[in-house]
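> Sequence lines, in order, name chains Z and S.
Note that the numbering used here has the first sequence beginning at 1, numbered continuously upward.
Note that the numbering used here has the second sequence beginning at 1, numbered continuously upward.
FYI, nobody ran anything at the bench for these hints, they're computed from the structure.
Check the hints yourself; a few may be wrong.
Given that identical chains are not distinguished, each listed pair holds provided it fits within a single copy or across any two copies.
Listed next, the in silico DMTMM-like pairs over lysine to aspartate or glutamate satisfying Cα-Cα at most 25 Å (straight line) [stated by the list, open to error]:
#1 90 - 41
#2 147 - 98
#3 90 - 36
#4 168 - 98
#5 90 - 25
#6 147 - 165
#7 168 - 153
#8 64 - 53
Number of protein chains: 2
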Amino acid sequence: MKGLPTFVSMKEKRINYRIERGTRDDVPALLALIRELAAFERQPEAVTATEADFLRDGFGENPKFEFFMARCDGEAVGMAFFYPRYSTWKGPTLHLEDLYIVPEHRGTGLAQMLFDAVAQIAAQKEVGRMEWTVLDWNERAIRFYEKNGAHLDPEWMLGTLHPDDLEKWKSIDP
Amino acid sequence: MKGLPTFVSMKEKRINYRIERGTRDDVPALLALIRELAAFERQPEAVTATEADFLRDGFGENPKFEFFMARCDGEAVGMAFFYPRYSTWKGPTLHLEDLYIVPEHRGTGLAQMLFDAVAQIAAQKEVGRMEWTVLDWNERAIRFYEKNGAHLDPEWMLGTLHPDDLEKWKSIDP
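Based on the sequences and whatever the hints tell you, model everything.
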């Protein structure tokens with residue numbers, strides 16, 4: 001968290017949203033929003049990360065991620081989760097892992113506020129790129145990113161190996 | 001680099017490849033291979049990262065990335081470049097950013113040796129996922145990853161904002 005100020009949107013007073021750096025106290029609400037987003041992305045069973053994981057990894061000297069929490073009258077209604085990455089082409093980059101707004105608060109400009117907060121950090125850090133992924137059927141998100149000047153490229157496929165897949169490499173003797 | 005041993009393949013003696021942790025001395029050869037891969041991926045102008053970037057970011061107390069260098073009789077003929085990432089669904093993950101073999105050394109098993117070296121680290125660290133991206137027209141790479149049990153998902157599109165795109169966020173006043 002250090003070195004970056006709490007972000008409070010200009011729009012805060014008008015529409016009563018408050019965007020602030022996520023803290024340990026926000027972790028339960030963060031995980032609830034992550035689970036909502038996974039369900040929206042048609043993978044409700046995919047979330048295996050726990051509150052303990054986020055508490056262990058997101059705070060202290062070398063946090064592995066940061067997040068903004070958006071609240072409306074105290075209630076958590078959105079979040080943006082991000083961390084530094086590294087590109088062999090561009091050097092240090094900023095990766096936006098998740099951006100989520102609960103359904104009742106969509107269309108309010110809140111997604112833009114959260115995206116602005118993250119893009120501002122990317123701009124100020126002068127990273128070589130800010131990047132994220134979006135599902136190809138999520139038309140509303142795609143329009144949102146296009147409106148923000150993003151380049152969207154369907155050419156890159158995501159490859160993954162899950163822990164069960166990785167088991168066989170545990171026994172490979174180098 | 002600390003905490004992880006130099007990886008030397010069992011196949012080393014037979015086919016005379018040597019896979020070792022990348023060092024500062026390997027950075028010029030690393031960048032040459034990165035540029036070759038970018039050209040193969042039809043974006044030869046995309047590489048703006050410099051040797052100075054890699055020397056600054058890849059070594060010391062908190063390296064932002066690690067890499068394996070494959071050599072044949074001393075000549076750099078391949079590399080694998082990776083770093084930790086973080087998934088809201090899976091917790092800590094390992095991201096394989098680049099895996100490249102020069103054309104003359106393809107079909108030798110060297111790609112498998114490099115992939116094994118990285119997957120072994122992922123397995124030993126017990127990450128929630130190992131992931132990477134592959135271009136949807138790179139059929140040889142896709143077959144390779146499928147052979148390794150990977151899940152390949154074309155549904156996720158890559159979104160990016162480049163430094164020129166990010167300029168406007170520099171002047172947004174929070």
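> Indicate, hint by hint, whether the structure satisfies it.
Going through the hints against the structure:
Proximity of residue 90 to residue 41 under the C-alpha cut-off of 25 Å is restricted to the inter-copy arrangement: shortest distance 15 Å between copies versus 29 Å within a copy. In this assembly of identical chains, the alpha carbons of residue 147 and residue 98 lie at most 25 Å apart only when taken from the same copy (18 Å versus 30 Å across copies). For the homomeric pair residue 90 and residue 36, the shortest alpha-carbon distance between copies (15 Å) is at most 25 Å, but the shortest distance inside one copy (33 Å) is not. Taking CA atoms no more than 25 Å apart as the test, residue 168 paired with residue 98 passes between copies only; the shortest distance there is 22 Å, against 30 Å inside one copy.
For a Cα distance limit of 25 Å, the shortest separation of residue 90 from residue 25 across copies, 21 Å, qualifies, whereas the shortest one inside one copy, 35 Å, does not. For a Cα distance limit of 25 Å, the shortest separation of residue 147 from residue 165 across copies, 12 Å, qualifies, whereas the shortest one inside one copy, 39 Å, does not. Taking identical chains as interchangeable, the C-alpha atoms of residue 168 and residue 153 lie at most 25 Å apart only when they sit on different chains, with a minimum of 22 Å there against 33 Å within one chain. Taking the shortest alpha-carbon separations for residue 64 and residue 53, both the intra-copy value of 11 Å and the inter-copy value of 21 Å come in at or below 25 Å.
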